[in-house]
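Chains as they are written, first to last, in the working numbering: chain V, 14 to 328; chain Z, 224 to 482; chain W, 88 to 380; chain U, 46 to 350.
If you're looking for bench data, these hints aren't it; they were derived computationally from the structure.
All C-beta atoms in this analysis are idealised placements derived from N, C-alpha and C, irrespective of residue type, glycine included.
Among the hints, erroneous ones may be present.
Said to hold, decoys possible - Part of the chain U face toward chain Z, derived, beta carbon under 7 Å:
#	residue
1	ILE97
2	TYR122
3	TYR130
4	GLY301
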Amino acid sequence: MCEAPVARLTEVTHRYGSTVALDCISLQLPRGTVGLVGNNGAGKSTLLKILLGMLRPSQGQVEVFGVQLHQAASTLRRRFGYMAEADAVLPLLQGVEYVALSGQLYGMSRRQSFRRAHEVLGYVGLGELRYRPVEQYSRGNLQRLKLAAALVHDPDVLLLDEPTNGLDPPGRDAMLRLLEDLIAQGQKSVVLCTHLLGDVQRLCEHVVILARGRVVYQGPLAPLLQLRTDQYLVRWQGSQEWLHHLRCQGVQITPGANGSQALLGLPSGWSTQRLFQVAQQHGAILHTLRPVEEDLQSVFLRLSEKANSDPKAEA
Amino acid sequence: MKSWWYAWRALVWVTLGRLWWSVHTLLLLFPTAALMLFVLRYRERFAQAQPEQVIEAFAQFTQTVVVMLVVSFLLPVVALGFGTTGLGGDREEGTLVFLLTRPLPRWSIALGKWAATVPLVVLFTWGAFAGVCWLMGPAGRMAWRGYALPLFWGAMAYGSFFHLLATWVRYPTVVGVVYALFVEALLGNMPGVIKRFSIGYYVRSWIYELGAPWGVSPPEMFVPLEATSCAWTLIAITLGSLALSAWVLQTKEYIQQER
Amino acid sequence: MQIDLAHYHRWEGRLRGPWYSALAVTRATLRQVFRRKVFWILLALGMLNFLLYFALIYAGTQLPGVGDRIMERFDFTVHPDAQRRNGYLRFMEQQGLVVMVMMAFAGSVIIGGDFRQRGVSFYLAHGLSPWHYLWGKWLAVAVLLGSVTVLPALVLFVEYGMFTSDFHYWWENKAVVVSVLGYGLVMAVVLGAVLLALGAWLRKTVPIAITWTSLFLLSAAWSEQLRRTTGDPHWRLLNLWRDIRCVGRAFFGFYARREDVQLAPWAAGALAAVVLICVGYLWAKLVHWRRWE
Amino acid sequence: MAEICFDQVTRFYGPVIGINQVSFTLGPGVAALFGANGAGKSTVMRLASGQIRPSLGQVSINGLPAWSTLAKRHLGYCPDVDRFYEEMSGWEFVQFMVQLHGYSSREARRRTEEALELVGMSARAQRPLATYSQGMRQRIKLAQALAHQPEVLLLDEPLAGVDPGGRRQLLELFAHLGDQGCTVLISTHMLEEVEQLAQVVLVLVQGRLVAQGTLDEIRSWLADRPLIVALEAEPLRPLAGELIGWEEVRSVQIDGSCLVVQVRQAGMFFRRLNAAAAQGRWQLRRMEPLDTGAEAVFRYLHQRS
Numbered sequence: 014m015c016e017a018p019v020a021r022l023t024e025v026t027h028r029y030g031s032t033v034a035l036d037c038i039s040l041q042l043p044r045g046t047v048g049l050v051g052n053n054g055a056g057k058s059t060l061l062k063i064l065l066g067m068l069r070p071s072q073g074q075v076e077v078f079g080v081q082l083h084q085a086a087s088t089l090r091r092r093f094g095y096m097a098e099a100d101a102v103l104p105l106l107q108g109v110e111y112v113a114l115s116g117q118l119y120g121m122s123r124r125q126s127f128r129r130a131h132e133v134l135g136y137v138g139l140g141e142l143r144y145r146p147v148e149q150y151s152r153g154n155l156q157r158l159k160l161a162a163a164l165v166h167d168p169d170v171l172l173l174d175e176p177t178n179g180l181d182p183p184g185r186d187a188m189l190r191l192l193e194d195l196i197a198q199g200q201k202s203v204v205l206c207t208h209l210l211g212d213v214q215r216l217c218e219h220v221v222i223l224a225r226g227r228v229v230y231q232g233p234l235a236p237l238l239q240l241r242t243d244q245y246l247v248r249w250q251g252s253q254e255w256l257h258h259l260r261c262q263g264v265q266i267t268p269g270a271n272g273s274q275a276l277l278g279l280p281s282g283w284s285t286q287r288l289f290q291v292a293q294q295h296g297a298i299l300h301t302l303r304p305v306e307e308d309l310q311s312v313f314l315r316l317s318e319k320a321n322s323d324p325k326a327e328a
Numbered sequence: 224m225k226s227w228w229y230a231w232r233a234l235v236w237v238t239l240g241r242l243w244w245s246v247h248t249l250l251l252l253f254p255t256a257a258l259m260l261f262v263l264r265y266r267e268r269f270a271q272a273q274p275e276q277v278i279e280a281f282a283q284f285t286q287t288v289v290v291m292l293v294v295s296f297l298l299p300v301v302a303l304g305f306g307t308t309g310l311g312g313d314r315e316e317g318t319l320v321f322l323l324t325r326p327l328p329r330w331s332i333a334l335g336k337w338a339a340t341v342p343l344v345v346l347f348t349w350g351a352f353a354g355v356c357w358l359m360g361p362a363g364r365m366a367w368r369g370y371a372l373p374l375f376w377g378a379m380a381y382g383s384f385f386h387l388l389a390t391w392v393r394y395p396t397v398v399g400v401v402y403a404l405f406v407e408a409l410l411g412n413m414p415g416v417i418k419r420f421s422i423g424y425y426v427r428s429w430i431y432e433l434g435a436p437w438g439v440s441p442p443e444m445f446v447p448l449e450a451t452s453c454a455w456t457l458i459a460i461t462l463g464s465l466a467l468s469a470w471v472l473q474t475k476e477y478i479q480q481e482r
Numbered sequence: 088m089q090i091d092l093a094h095y096h097r098w099e100g101r102l103r104g105p106w107y108s109a110l111a112v113t114r115a116t117l118r119q120v121f122r123r124k125v126f127w128i129l130l131a132l133g134m135l136n137f138l139l140y141f142a143l144i145y146a147g148t149q150l151p152g153v154g155d156r157i158m159e160r161f162d163f164t165v166h167p168d169a170q171r172r173n174g175y176l177r178f179m180e181q182q183g184l185v186v187m188v189m190m191a192f193a194g195s196v197i198i199g200g201d202f203r204q205r206g207v208s209f210y211l212a213h214g215l216s217p218w219h220y221l222w223g224k225w226l227a228v229a230v231l232l233g234s235v236t237v238l239p240a241l242v243l244f245v246e247y248g249m250f251t252s253d254f255h256y257w258w259e260n261k262a263v264v265v266s267v268l269g270y271g272l273v274m275a276v277v278l279g280a281v282l283l284a285l286g287a288w289l290r291k292t293v294p295i296a297i298t299w300t301s302l303f304l305l306s307a308a309w310s311e312q313l314r315r316t317t318g319d320p321h322w323r324l325l326n327l328w329r330d331i332r333c334v335g336r337a338f339f340g341f342y343a344r345r346e347d348v349q350l351a352p353w354a355a356g357a358l359a360a361v362v363l364i365c366v367g368y369l370w371a372k373l374v375h376w377r378r379w380e
Numbered sequence: 046m047a048e049i050c051f052d053q054v055t056r057f058y059g060p061v062i063g064i065n066q067v068s069f070t071l072g073p074g075v076a077a078l079f080g081a082n083g084a085g086k087s088t089v090m091r092l093a094s095g096q097i098r099p100s101l102g103q104v105s106i107n108g109l110p111a112w113s114t115l116a117k118r119h120l121g122y123c124p125d126v127d128r129f130y131e132e133m134s135g136w137e138f139v140q141f142m143v144q145l146h147g148y149s150s151r152e153a154r155r156r157t158e159e160a161l162e163l164v165g166m167s168a169r170a171q172r173p174l175a176t177y178s179q180g181m182r183q184r185i186k187l188a189q190a191l192a193h194q195p196e197v198l199l200l201d202e203p204l205a206g207v208d209p210g211g212r213r214q215l216l217e218l219f220a221h222l223g224d225q226g227c228t229v230l231i232s233t234h235m236l237e238e239v240e241q242l243a244q245v246v247l248v249l250v251q252g253r254l255v256a257q258g259t260l261d262e263i264r265s266w267l268a269d270r271p272l273i274v275a276l277e278a279e280p281l282r283p284l285a286g287e288l289i290g291w292e293e294v295r296s297v298q299i300d301g302s303c304l305v306v307q308v309r310q311a312g313m314f315f316r317r318l319n320a321a322a323a324q325g326r327w328q329l330r331r332m333e334p335l336d337t338g339a340e341a342v343f344r345y346l347h348q349r350s
């Protein structure tokens with residue numbers, strides 16, 4: 014496996030008419046797992062389409078696997094497996110035909126593509142539904158089908174645009190487990206484009222944050238998530254009375270909406286023991302006590318607000 | 224009652240606006256314009272100076288322009304363009320949900336859509352026909368006076384029938400195209416009673432009877448019906464389709480397919 | 088729904104060029120078309136004429152008396168014929184109405200649906216260039232067209248040969264195959280280009296049907312009218328359908344009128360212009376403006 | 046009294062059953078409807094908004110059958126499908142929808158402006174809808190549901206495609222409407238977010254209403270089931286030693302700096318652990334049931350049926 018980064022963009026700008034989708038961005042997408050995060054319209058999908066050669070950037074250089082993109086766009090494109098955000102429904106095709114068609118479009122022979130299609134559909138868990146017409150698939154199964162279509166030619170890199178969009182919790186979990194398995198077992202590099210930050214936290218080592226066509230942050234994910242030990246989320250059963258007593262003793266309390274959950278900011282010198290003592294005295298039984306770490310969502314909100322208020326700020 | 228009127232008026236008005244400013248109008252204007260230019264050249268074949276020449280021109284004009292181009296082609300196409308998209312457009316684009324969850328009685332939604340689409344079909348065909356007749360000169364004016372009524376009821380019947388299709392079947396446009404192209408073009412020209420399935424047949428019969436005193440005669444295998452029965456049939460189709468579409472919309476459930 | 092956590096298997100194999108992928112586009116499109124019930128109904132209606140000719144050939148060759156009278160009006164050999172009696176040519180021309188109706192439908196299924204439901208970006212995201220995509224779609228149109236014109240005509244050719252006493256018929260009239268294919272090719276190129284352009288532009292069934300029918304019906308009325316009033320036969324070129332016939336007949340090697348012989352090169356030019364305009368539009372839409380959603 | 050009432054409702058689509066004997070009554074406040082894709086959420090929404098009729102049972106809005114025209118006066122409905130009159134501007138679209146409620150045009154204009162203001166779209170409402178982003182389209186759909194100030198609000202997946210910042214705003218708006226006495230029923234699969242907001246939760250599994258109540262009620266109803274709890278404490282091993290002696294504990298596993306405890310009866314276990322933590326033999330830093338978030342409750346219910 015070659016070690017060149019998946020892509021390197023140098024001062025890439027892309028405009029649709031007068032709207033600027035990407036504003037002179039330079040970034041590197043390393044091997045491994047990269048999360049591409051941003052609001053709607055931040056330029057995520059445009060970036061993916063540029064990597065795929067579907068759009069030619071208005072300005073700037075794009076290098077994919079260490080090769081200039083425009084030199085060999087069609088051969089480079091086959092090393093990607095692209096799962097689009099929009100559902101491209103080709104009505105009246107069966108699931109297996111849809112996936113095989115995808116393989117054939119990448120250049121596989123007809124028989125190979127059908128063999129792979131059956132195999133990949135089994136892998137994503139659609140084995141029993143493969144002969145159904147595509148338009149009858151539920152949301153969750155459609156997403157799996159799209160993943161299968163992106164996997165059929167066994168690409169090195171998966172470009173996933175909102176893979177968990179519209180899925181219910183079990184479906185989302187199943188999709189993420191599938192992706193985790195692919196990353197671990199199939200040794201795939203992944204570029205995950207999403208605004209569900211939980212997904213990025215779960216899958217990705219690196220993260221690129223885009224806001225309004227600019228790069229707000231790029232680099233490893235870990236440093237973004239700092240732990241704050243003086244803040245706790247608690248949930249309990251029983252009365253709310255103990256909160257009142259805590260407040261009297263100087264604890265900052267942000268109550269949750271449904272009455273048995275709160276965010277506590279402990280003053281210095283407090284230990285959790287004291288918390289339990291107060292709870293015990295007033296008949297509350299804690300069943301959750303979680304130190305609050307700043308999650309990607311709030312980091313992201315902070316960074317993108319900064320970028321919005323100050324257009325020149327760049328990380 | 225007043226609030227119902229406001230709501231219904233808005234429905235008719237917006238539907239009318241959407242239909243008129245749609246790509247269909249533009250597309251229909253092309254054949255209409257082509258038809259008018261055609262007549263502009265066509266009339267040069269006739270002198271139309273003497274009364275008997277006018278009558279000769281009138282007979283020819285009836286056969287080629289009125290029957291072949293207006294009734295058999297323009298009328299179905301206009302009805303197809305507007306009739307099936309008034310309500311069918313809402314069904315296909317999935318915007319019908321927004322109408323069905325408003326406090327308007329369901330039958331009045333059908334009525335409102337009908338009130339927007341069918342007059343548009345009538346006015347468009349009438350407009351095109353009037354233009355064509357005016358361009359034709361004296362013979363054309365004769366044709367307008369004679370044929371405006373059959374054309375009116377033809378347009379009403381066509382429009383209402385396509386409106387019914389739109390409330391009833393799942394792909395009204397597809398069924399409408401099959402009807403317009405196959406039933407009208409194929410069955411309408413077949414021998415025997417099979418052509419009574421086509422609305423155009425009644426309009427043509429009516430026209431042939433009206434034109435008979437001036438030497439307009441139907442083609443060989445065409446067995447025309449009396450004008451009065453034609454008129455009543457067309458009126459019955461119009462009213463029947465309207466009533467049926469109101470009833471269908473009142474009772475039918477429209478479930479949006481996920482796409 | 089349980090996830091099958093069977094291991095992911097790798098695959099290593101050669102990927103072939105995009106021309107093969109274009110064939111996959113054709114296959115998928117044809118599958119989509121043929122899975123529609125309406126289409127089979129249309130096909131069945133379209134085959135009525137074929138059955139008629141099939142019976143004619145049978146009666147003409149097998150039944151004494153009646154057969155001779157039929158054969159006076161139809162001719163199933165390659166010889167040029169001024170009375171337009173060639174059965175194959177007549178058959179293919181009569182299929183015109185079927186082709187028109189069929190294409191009015193197929194337009195939205197073949198290409199309009201792709202533009203409406205993001206099919207185009209599905210295809211283009213797979214490393215296919217717009218040209219390959221269009222080539223695949225055009226092939227699908229050609230196959231559909233061939234299945235109601237060229238294929239039945241060839242079946243008639245085979246049938247006629249079987250009812251003769253020896254095998255000489257096929258050999259002597261082998262040029263008929265070329266003629267039929269040539270005529271089919273002209274139809275497929277012109278109608279395919281027009282249909283793809285219309286489908287990409289209008290997307291939905293009704294607008295496509297409106298435009299398609301008025302294109303063929305009104306241009307015919309118009310050209311006839313202009314020719315009559317001015318007396319200049321070149322106005323006939325406006326009739327697209329007639330142009331196709333005019334050029335297509337060149338493959339059969341005879342013309343009904345001398346006028347047609349003179350018009351043929353002009354007709355070919357007109358058709359080429361139409362095809363160029365359509366292809367130019369498709370190029371602009373897919374390559375230049377990149378508008379497909 | 047604004048309420049949605051389902052009385053023993055069953056609905057078939059041909060041979061397929063959409064929902065099966067569902068009964069509930071919702072009053073003012075925010076309620077959430079959870080279910081997997083295909084569990085029947087949309088069927089409930091379609092029934093409540095009067096697009097379809099129940100095969101068995103009765104659906105009523107404020108005591109009126111939901112199918113009737115009168116019931117729709119009290120109803121605001123935000124459909125899940127993303128369909129519009131694309132060539133209209135957001136403003137025109139909302140105004141048309143308001144007009145369909147029978148207001149005069151001046152009144153309709155006023156309400157349109159109010160509604161657009163409420164969803165934060167008043168500045169951007171003049172562009173054609175076709176140019177809107179997903180999030181803006183959701184807001185317009187919301188605006189048309191809100192503009193006539195309905196007492197019952199049905200929101201089918203109102204947050205799909207809205208980005209995190211916008212999501213927060215809209216959730217605040219829903220809570221606000223609930224406080225004002227509106228009955229808001231939200232169907233969604235983004236459980237973590239709505240769990241902060243919803244006073245009542247309805248869980249649908251394969252067309253059956255398997256749980257109904259506040260999230261806490263559902264949780265405590267599930268209290269005596271086996272549970273896995275993660276603990277972090279200082280020092281770790283003495284705590285592990287102590288826990289292994291308890292009857293409620295099935296197993297203890299050390300995973301790095303974290304204890305993973307399998308518990309037989311959650312209620313008893315937490316009572317005992319709380320008491321022990323208050324004594325301070327070890328300092329508890331984290332205590333978290335690994336599967337009681339709304340998602341986990343949901344998954345658990347799903348597995349059981």
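Tested hints:
{"no.": "1", "hint": "ILE97", "in the structure": "4 Å, holds"}
{"no.": "2", "hint": "TYR122", "in the structure": "4 Å, holds"}
{"no.": "3", "hint": "TYR130", "in the structure": "6 Å, holds"}
{"no.": "4", "hint": "GLY301", "in the structure": "44 Å, violated"}
Hint violations for this structure: number 4 only, all remaining hints satisfied.
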